[in-house]
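Colleague: Sequence:
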Amino acid sequence: MNDIVVRDDLSLVRTGTQDFVTVVLAGQTLGIPVLSVHDVLNPQQITRIPLAPSWVSGVLNLRGKIVTAIDLRQRLGLPPLEKGKQSMSVVVEHKDEPYSLQIDTVGEVLSLDDADFERNPVTLDTRWREVSRGIYRLENKLLPILDVDRLLAFESNGKAA
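Going left to right, the sequence shown walks through residues 1 to 161 as my numbering numbers them.
A few of these clues could be false.
[Stated by the list, open to error] As a list, the in silico EDC-like pairs of lysine to aspartate or glutamate whose alpha-carbon atoms are at most 16 Å apart:
| no. | residue 1 | residue 2 |
| --- | --- | --- |
| 1 | Lys65 | Asp96 |
| 2 | Lys141 | Asp116 |
| 3 | Lys141 | Glu108 |
Since the hints were derived computationally from the structure, they do not count as laboratory data.
My request is simple: use the sequences and hints to build the entire structure.
Modeller: What follows is the structure, encoded as structure tokens:
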């Protein structure tokens, strides 16, 4: 059962846990709420789309449904994946449309305590801060939690395919 707790900084948090799928992108581990993840895919054949933004890799066919593939490295201004390596994908939904987020690798599913969730620290790299809801401090690293809606907010960057 979830309860509400007031933190020292007077913010309210639910007590309980949430599950996150961890993914790695350019050496940074990120969390995506497990309820937002529809599928995890191995490398897929992607069909390019002429005149699409550079961060739209193209589209793929997922069980008869057309899914827009987003190159997260390109979207976040990161260097491309090393030659010879293929990206995996995590399929999420944004505004009732499926999107395949191309990432380097998928990690594990973590169940984290809501009370440990923190706002983004000012020292967090800007590219992660702009697409993160906040962070969890793990034993030896920070785990930014991706805000899928902010990440896929195309209104400011042109529409996807």
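Colleague: Please flag the earlier hints that this structure goes against, numbers listed from lowest up.
Modeller: none
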